[in-house]
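Trainee: These protein sequences, in sequence, are chains A and B.
This note's numbering puts the first sequence at residues 89 to 221.
This note's numbering puts the second sequence at residues 229 to 617.
For the record, the hints were derived by calculation from the structure and aren't laboratory data.
Check before you lean on any hint, since a few could be wrong.
[Said to hold, decoys possible] Residues from chain B that face chain A, not an exhaustive set, calculated with beta carbons under 8 Å: (1) D258; (2) I292; (3) Q294; (4) P404; (5) A407; (6) A409; (7) A414.
[Unchecked claim] Residues from chain A that keep clear of chain B, each with C-beta distances beyond 12 Å, as calculated: (8) G117; (9) A192; (10) P198.
All C-beta atoms in this analysis are idealised placements derived from N, C-alpha and C, irrespective of residue type, glycine included.
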Amino acid sequence: MLIPVRDIRRIAVVDDNLAVRDSLQLLLGVHGYEVEAFAGSVGLLASTRLAVYDCFVIDLKLGGPDGPHLLSSVRARGFQQPAILISGWEVESLERLAADAGFASHVRKPMMITSIVDEIRRVLRPRESRPPD
Amino acid sequence: MTDTPAKPPAVPLDQLDGPAHQLHFESILDSVPDAMVVTNEAGIILAFSRAAETLFGYTAAEIIGQPVNRLMAGRDRMNHDTYIGNYMRTGHRQIIGKGRVVIAARADGNLFPVDLKIGEARIGDYCLFTAFIRDLSEQQNAERRMQAMQSELAHFSRLSAVGTMASALAHELNQPLTAVANYLEASRDLLDSPDPEIREVLRGALSEAATQAVRAGEIVRKLRSYVSRGEVDARPVRLTALLADAIALSKVSRERADIPVIVEVARDADRVLADPIQVQQVVINLIRNAMDAMAGQSDAQIDIRAMRLDAGGLVEVEVCDNGPGLSAEMKDSVFKPFATTKAQGMGLGLSICQTIVEAHGGTIRAVPKPSGGTCFRFTLREDKDNLAT
Numbered sequence: 089m090l091i092p093v094r095d096i097r098r099i100a101v102v103d104d105n106l107a108v109r110d111s112l113q114l115l116l117g118v119h120g121y122e123v124e125a126f127a128g129s130v131g132l133l134a135s136t137r138l139a140v141y142d143c144f145v146i147d148l149k150l151g152g153p154d155g156p157h158l159l160s161s162v163r164a165r166g167f168q169q170p171a172i173l174i175s176g177w178e179v180e181s182l183e184r185l186a187a188d189a190g191f192a193s194h195v196r197k198p199m200m201i202t203s204i205v206d207e208i209r210r211v212l213r214p215r216e217s218r219p220p221d
Numbered sequence: 229m230t231d232t233p234a235k236p237p238a239v240p241l242d243q244l245d246g247p248a249h250q251l252h253f254e255s256i257l258d259s260v261p262d263a264m265v266v267t268n269e270a271g272i273i274l275a276f277s278r279a280a281e282t283l284f285g286y287t288a289a290e291i292i293g294q295p296v297n298r299l300m301a302g303r304d305r306m307n308h309d310t311y312i313g314n315y316m317r318t319g320h321r322q323i324i325g326k327g328r329v330v331i332a333a334r335a336d337g338n339l340f341p342v343d344l345k346i347g348e349a350r351i352g353d354y355c356l357f358t359a360f361i362r363d364l365s366e367q368q369n370a371e372r373r374m375q376a377m378q379s380e381l382a383h384f385s386r387l388s389a390v391g392t393m394a395s396a397l398a399h400e401l402n403q404p405l406t407a408v409a410n411y412l413e414a415s416r417d418l419l420d421s422p423d424p425e426i427r428e429v430l431r432g433a434l435s436e437a438a439t440q441a442v443r444a445g446e447i448v449r450k451l452r453s454y455v456s457r458g459e460v461d462a463r464p465v466r467l468t469a470l471l472a473d474a475i476a477l478s479k480v481s482r483e484r485a486d487i488p489v490i491v492e493v494a495r496d497a498d499r500v501l502a503d504p505i506q507v508q509q510v511v512i513n514l515i516r517n518a519m520d521a522m523a524g525q526s527d528a529q530i531d532i533r534a535m536r537l538d539a540g541g542l543v544e545v546e547v548c549d550n551g552p553g554l555s556a557e558m559k560d561s562v563f564k565p566f567a568t569t570k571a572q573g574m575g576l577g578l579s580i581c582q583t584i585v586e587a588h589g590g591t592i593r594a595v596p597k598p599s600g601g602t603c604f605r606f607t608l609r610e611d612k613d614n615l616a617t
């Protein structure tokens with residue numbers, strides 16, 4: 089079901105794979121989020137709208153600087169919104185890597201076990217006045 | 229475009245039912261990844277998605293109310309009115325429901341190839357056409373990237389072990405699979421909506437999911453054709469040297485590199501015909517599997533033996549562990565792709581080993597070791613011209 093668009097949450101997705109970007113854009117759009125997708129670090133950092141996003145979804149390996157680097161550049165500019173690290177590489181310590189780099193959460197591709205939508209809800213929850221599950 | 233402030237495109241309210249519906253429709257216009265253009269039967273643009281704004285360089289506000297052929301070029305521009313006219317008159321579908329490649333024109337006059345799919349929706353007396361437009365220039369770039377990655381993968385696998393190749397492959401496969409998972413999740417959430425536009429989005433999402441699933445299959449197929457690429461460069465090699473290299477390589481960056489590996493090659497089994505790099509990959513993979521099977525075992529040991537078989541001019545190589553052995557369930561599926569008990573594994577290693585061995589004219593099988601553990605045995609052709617004396 090589509091969620092009525094009231095208080096729109098904006099998500100920036102950074103992934104170098106076109107199909108992943110497209111599918112996330114649709115999925116998150118269906119769930120009422122406004123999504124902007126970027127193919128790499130440069131695109132996101134060139135955006136003058138970093139402040140408008142409620143959450144960043146960032147792929148681990150990007151062409152150029154990787155996801156943790158990108159997040160630290162974002163943080164260095166003073167933006168503190170929660171971020172989720174996604175990865176299709178089998179990194180044994182993805183949990184630690186994500187936590188060390190300041191990500192609020194991580195999701196392993198192909199996103200079949202953990203739903204990215206659930207994770208976004210979870211990291212945005214403190215701002216939502218919803219009863220605890 | 230991504231830098232301009234968000235502005236919902238104007239949607240003709242009178243063609244739709246009420247504000248809730250319009251909110252849905254607007255959120256679709258904002259989020260649908262392909263450019264989406266809705267026209268009426270006169271070819272006048274009624275809605276223009278955010279992605280369409282980015283693609284064509286028009287804002288929704290300036291293009292809504294204009295004829296849709298402003299977005300087309302050449303023959304397609306001239307013929308468009310004829311297409312719609314024919315369809316309205318005769319019901320003959322030239323494009324509706326099918327996809328095709330056409331040339332589109334940007335606001336700045338640049339032309340580019342697009343994949344165009346058109347769906348039709350009847351709302352009361354109105355007939356609306358919804359076009360989904362995908363920029364093929366970007367897709368062509370993606371294809372090129374994919375090819376570059378594949379050749380990198382091919383190069384990579386020449387130098388390193390099957391395990392490493394499988395991990396790169398896992399990543400390659402994860403991308404389309406992620407898209408499949410996302411498209412299907414979105415589809416499930418759209419399933420109950422009766423709105424014709426949303427049905428079109430649903431149709432698009434499902435067909436994208438199918439495309440990406442096929443792509444995942446392609447990746448596996450290409451990999452198999454790579455490793456089994458007919459012309460195995462089988463040449464006379466000494467098995468002792470090949471095994472020594474494989475053992476050394478299998479210990480690179482492994483935690484359990486201290487597990488003893490005992491090698492015993494019968495004197496009449498040393499000369500075989502093999503592509504040494506490929507057969508090395510088989511042995512490395514078997515050794516690493518054996519290491520994994522004995523994780524945490526203090527008495528772990530790997531035995532590698534090679535002996536000449538009496539019949540068929542074959543040499544058999546076995547790699548044995550003293551781990552817990554294969555479960556009955558795994559015994560039958562161990563060479564099937566994606567059969568794995570490893571949390572981090574893809575289940576491709578043994579499937580690739582089988583492909584390599586068979587391309588060499590041999591066979592591979594798993595047999596339980598009476599004293600506990602598993603032996604993997606594969607055969608190679610002996611080098612008749614250089615038999616040991």
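Trainee: Confirm or reject each hint.
Mentor: Cross-check of the supplied hints:
1. Nearest Cβ of chain A to the Cβ of D258(B): about 6 Å, under the 8 Å cut. The hint holds.
2. Proximity of I292(B) to chain A is violated relative to the hint, the smallest CB-CB distance being about 20 Å (cut-off 8 Å).
3. Interface hint at Q294(B): violated, since its Cβ lies 26 Å from the closest Cβ of chain A, which is beyond the 8 Å cut-off.
4. At about 6 Å, the closest approach between the beta carbon of P404(B) and any beta carbon in chain A falls short of 8 Å, and the interface hint on this residue holds.
5. Hint on A407(B) holds. Least Cβ distance to chain A is approximately 4 Å, under the 8 Å limit.
6. Nearest Cβ of chain A to the Cβ of A409(B): about 5 Å, under the 8 Å cut. The hint holds.
7. A least Cβ separation of about 4 Å between A414(B) and chain A falls short of the 8 Å threshold, and the interface hint therefore holds.
8. The claim that G117(A) is not at the interface with chain B is violated, since a C-beta of that chain comes within 12 Å of its own (minimum 2 Å).
9. Here A192(A) stays apart from chain B, with its beta-carbon at least about 20 Å from theirs, past the 12 Å limit.
10. Annotated as non-interface, P198(A) brings its C-beta within 12 Å of a C-beta of chain B; the closest such distance is 4 Å.
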